[in-house]
Each structure stands twice: as structure tokens, then as C-alpha cells.
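Colleague: All chains should be built: construct the whole structure from the sequences, respecting the hints.
Chains as they are written, first to last, in the UniProt record's numbering: chain G, 1 to 76; chain A, 1 to 389.
Where hints are given, some of them may not hold.
[Said to hold, decoys possible] Across the chosen pairs, the derived CB separations fall in these ranges:
#1 A:A269 to G:I28: 30 to 40 Å
#2 A:G60 to G:I32: 51 to 61 Å
#3 G:I28 to A:G71: 51 to 61 Å
#4 A:P173 to G:N10: 21 to 31 Å
#5 A:G71 to G:E3: 42 to 52 Å
#6 A:A76 to G:M5: 43 to 53 Å
#7 A:A205 to G:M5: 39 to 49 Å
#8 G:E3 to A:S385: 16 to 26 Å
[As the list claims (entries may be wrong)] Heads up, incomplete: computed chain G residues facing chain A, CB under 7 Å, no partners named:
#9 M5
#10 G7
#11 G8
#12 M12
#13 M16
#14 V19
#15 I25
#16 V27
#17 G29
#18 T30
#19 T31
#20 M33
#21 S34
#22 I37
In case anyone wonders, no lab produced these hints; they're calculated from the structure.
Only a predicted model underlies this, so the values are computations on that prediction, with no experimental measurement involved.
The beta carbon of each residue, even a glycine, is placed where N, CA and C say it ideally should be.
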Amino acid sequence: MSELMLGGLNLMLLGMGTVFVFLTILVIGTTIMSRLIMRWHDAPEPEPKRGGRPKPKDDLSEVAAVAAAVKAVHGH
Amino acid sequence: MDKLNILLSESGLANLTLPQLTMIIVGLVLIYLAINKRFEPLLLLPIGFGAILVNIPGAGMYAAPVMDAEGHVVSAGGLLYYIYHVGIESGVFPLLIFMGVGAMTDFGPMLANPKTLFLGAAAQFGIFGTIIGAVWMSSMGWMDFSLADAAAIGIIGGADGPTSIFVASRLAPDLLGAIAVSAYSYMALVPLIQPPIMRALTTKAEREITMTQLRVVSKREKIIFPIMVLIVVAFFLPSAAPLLGMFCFGNLMKECGVVDRLSDTAQNALMNTVTIFLGLAVGSKLSADAFLNLETLGILLLGLAAFCVGTATGLLMAKAMNAMSKTPINPLIGSAGVSAVPMAARVTNKVGLEANNQNFLLMHAMGPNVAGVVGSAVAAGVLLSFLGG
Numbered sequence: 001m002s003e004l005m006l007g008g009l010n011l012m013l014l015g016m017g018t019v020f021v022f023l024t025i026l027v028i029g030t031t032i033m034s035r036l037i038m039r040w041h042d043a044p045e046p047e048p049k050r051g052g053r054p055k056p057k058d059d060l061s062e063v064a065a066v067a068a069a070v071k072a073v074h075g076h
Numbered sequence: 001m002d003k004l005n006i007l008l009s010e011s012g013l014a015n016l017t018l019p020q021l022t023m024i025i026v027g028l029v030l031i032y033l034a035i036n037k038r039f040e041p042l043l044l045l046p047i048g049f050g051a052i053l054v055n056i057p058g059a060g061m062y063a064a065p066v067m068d069a070e071g072h073v074v075s076a077g078g079l080l081y082y083i084y085h086v087g088i089e090s091g092v093f094p095l096l097i098f099m100g101v102g103a104m105t106d107f108g109p110m111l112a113n114p115k116t117l118f119l120g121a122a123a124q125f126g127i128f129g130t131i132i133g134a135v136w137m138s139s140m141g142w143m144d145f146s147l148a149d150a151a152a153i154g155i156i157g158g159a160d161g162p163t164s165i166f167v168a169s170r171l172a173p174d175l176l177g178a179i180a181v182s183a184y185s186y187m188a189l190v191p192l193i194q195p196p197i198m199r200a201l202t203t204k205a206e207r208e209i210t211m212t213q214l215r216v217v218s219k220r221e222k223i224i225f226p227i228m229v230l231i232v233v234a235f236f237l238p239s240a241a242p243l244l245g246m247f248c249f250g251n252l253m254k255e256c257g258v259v260d261r262l263s264d265t266a267q268n269a270l271m272n273t274v275t276i277f278l279g280l281a282v283g284s285k286l287s288a289d290a291f292l293n294l295e296t297l298g299i300l301l302l303g304l305a306a307f308c309v310g311t312a313t314g315l316l317m318a319k320a321m322n323a324m325s326k327t328p329i330n331p332l333i334g335s336a337g338v339s340a341v342p343m344a345a346r347v348t349n350k351v352g353l354e355a356n357n358q359n360f361l362l363m364h365a366m367g368p369n370v371a372g373v374v375g376s377a378v379a380a381g382v383l384l385s386f387l388g389g
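Modeller: Written as C-alpha cells, this is what we have:
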């Protein structure tokens, strides 16, 4: 086997080894971090909801729709 | 009459060589693929146009500046020359793009299921398998790749444009044009390349596996994660720090929520600006003498092999994890371990829906997908430190 091929195989073993070791450390680190955070702050706070409160304009149109429906039923 | 003769003898037609004409046609094909086929248009369009510009005879778009003995500028040099040397040779552009990618990445699905990082690692086998393929081709006497060339070709299997360009600019600047074109073309072809491999390596029962709902990830975890990655990189693999450092910086800007303006610039205005220059500069490396040779054909073949091997090893790793893990893991999410965000995750989702039309794997596949970005950056760091980029 040529020197070049040996270099390639060497690089592959070293490279895949490093990638797996590094990501294993990251998996362990991430898991510990998540555990710690969840212990300190019992419940994970929910993601901030965007536009949680309905706008007043929506409210009025809903009221109008209900009013119209009530009128349609009771009007006759 | 003499003046007219001079003008005619300096015209493009008089000076155009056949290789230059071929490269202009290659540029036009890239533009066609970008516009008509929507192949990564954001990059292939500038790359194709850059390829045309650099091959116009007499335009001197890639001419180096000429100084006289006293250091006065005799001729200022071409635009593409400056863009290439300022942005790509220095590694600045790919790193800025990586910052923008970081600012667009949501680590939530990965944090909810950290095991998926292993899938991102397994898919990097495509990179190293391809390196073996490239040195094998050289040792058979078909090509003339050094180990550094082979490493730069292998990184195509990371399926990550900026990482490929960064590594190629360090290890094999001569091959950069072919490597970048190959990387972006195959990223665009992921929906064609991956599904046959995914179907071949999994059974229908495996493709039908539904996965448990991902937990909610808190904002604190998302903020601390990039800082933690940065610390781990600093301790264990400093050669990956340029890529992962910029990536984490972009991600922290997004997640911390106090610098929305910076995050927005990194994701949009800056990223778009840099993309234009990056594309032109990559195109400027598509000169006839660097592109029209057997090596380019080898790079295109090896790049395809890199994608296939990465997809296959990701799938096999996911199958192994499914066999060992208590919670079910659909092997299809393994193929998303080759980065190509978010295309590979969408492909997983699509193939999963074919088997079971109630099975939405997209969020589950995003975990290995972003893990693939981290994994290929780590692999790039190993290559650079091993080969002294």
C-alpha cells in the first residue's frame, strides 16, 4: 500500500475519531446543561407567544358576528 | 487604418481561445441551471456570471496589479482579483456566511434530543470515505491528488457550501472552483440523490416509525448552548474555532433577543452582500486552465460519492440507534445528518410521508440536520489541523 493511501486511512481514523469524541462531549455537555437548567427553574418557561392577546379590532368583529347570529336566530 | 487594425486585434473575437469559449459556455450552463432549474440560484447565478467575466479575453478581470520599481501603481488590477484575495484567500467571506447561517439556525430540535448529534457525526463518514476514494484514484495513477487535495474534495461530503470553500481555500486553492461548483450542485440535487438510498437501506416498517413529540426547549438552554459549544471548541479543537466560533456568535445574536438588529443584519443584509461577492469570487476561479481537466471530472464523481456515503452512514447509524434506544427513532432522520440545511430534512419528511401519511418527521430531522453542520465544521477543523492549513 502506498504512503498516500496510508495517509488517507490515518486521516480517516483520526478524523472520524475526533468527530465522534467531540460530539459525544457535546451530547454529554448538552444533557447536563439541560438537566441543571430544568432543576434550577422547575418548569421550562414557555416560548413567548407572539400576538397572544387578540387585538381590540378582532374583538369587535367577533362581537358583531355573534350579535348578527343572535339576531338571525331570534329575529324571526 | 492602423488604429482600426489595433481595435480589431484587441477585440474579444480575435483573442478568444477555445478553452475560454468552453468556460463561458460552462458559465452560461450554470446560469441556466440557476434560473430555469432553481439549483441553489443564490450562488450558482453569481458563480456562473463570475465564470463568464473571468474568461473574457483582454478584460483583465482577474489581472494582478502591476507596480513599478518605486511601488507606484502601473495598472490597478481587476475587480475579481481583489474580491478573491480579500474575501476568499483570507477566509473572510465563508466565515461571515457561517455567522449568518448561525443566526438562522434553531438548535431547539437538537437540544430537545441531543442524541441526534451522533447522526450528524456518522454522516461525516462521507467526507473521510471520499478522501480514501481520492487518494485511491491517485495511487491508481488516474488522477494527481495530494492528501491536501483529497481532503478538500472530501469536505464536499459535508454538504455545506461555506465549509467547503473555507477548507478548499486553505488546502487546495487551485481546485476551489470545481469543489465549490460540485458542492453547491449536489446540495441542489439532494432531493434526487438521497431518496433512492433511503428507500434501499430501510424497510417500509422502519420508515413508518412515528417518533415521540419533542419537548419544549427553554430560552435559557438556547442561549447557553452556543456559549457551551464555543468553550468545548476552545478546549478541544481550536482549529475548528474560526468556523464554529462565527457560527456560535451568529446563533447567540439570534437567541439572546437583545440585539435583534445585529441578528437581522447577519441573516439578511450582510449575508446577501457577502453571497454576491463570494459567488463572483468562486466564479473567478473557473478559469479554463484550472477547470478543463480530468481532475474536475474526478472531483464531480467523488463529490457525488461523498453525498451518497454520508447519506448511507447516517441512515445506518440511525438504524443502530433505533435498535438500542428505548424511544423509537425513525432511521430516515439519519440521512439528514449530511448538512444541506434545510433541504435534507425536507427530503426526510417527504420520504416519511410516502410511507405513512400521518408521520411528520421534519422537526425530528432538523436535529441531525443542524448537528451535521456542527459535525462538518468539526471535521473541517480536524482536516485543517492535520494538514496544516
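Colleague: Hints first: check each against the structure and report whether it holds.
Modeller: Taking the hints in turn, this is what the structure says about them:
1. A:A269 to G:I28: 30 to 40 Å: Check passed, 38 Å falls within 30 to 40 Å.
2. A:G60 to G:I32: 51 to 61 Å: Check passed, 58 Å falls within 51 to 61 Å.
3. G:I28 to A:G71: 51 to 61 Å: holds, 56 Å
4. A:P173 to G:N10: 21 to 31 Å: Since the Cβ atoms of P173 (chain A) and N10 (chain G) sit about 24 Å apart, the hinted range of 21 to 31 Å holds.
5. A:G71 to G:E3: 42 to 52 Å: holds, 45 Å
6. A:A76 to G:M5: 43 to 53 Å: holds, 47 Å
7. A:A205 to G:M5: 39 to 49 Å: holds, 40 Å
8. G:E3 to A:S385: 16 to 26 Å: For E3 (chain G) and S385 (chain A) the Cβ distance comes to about 20 Å; the hint holds.
9. M5: holds, 5 Å
10. G7: holds, 5 Å
11. G8: It holds, given that the least Cβ distance between G8 (chain G) and chain A is near 4 Å, below 7 Å.
12. M12: holds, 4 Å
13. M16: holds, 6 Å
14. V19: holds, 5 Å
15. I25: holds, 6 Å
16. V27: Holds - the Cβ of V27 (chain G) comes within 7 Å of chain A, reaching about 5 Å at its closest.
17. G29: This hint holds: G29 (chain G) lies near chain A, its Cβ roughly 6 Å from the closest one there, short of 7 Å.
18. T30: holds, 4 Å
19. T31: This hint holds: T31 (chain G) lies near chain A, its Cβ roughly 5 Å from the closest one there, short of 7 Å.
20. M33: It holds, given that the least Cβ distance between M33 (chain G) and chain A is near 6 Å, below 7 Å.
21. S34: holds, 6 Å
22. I37: holds, 5 Å
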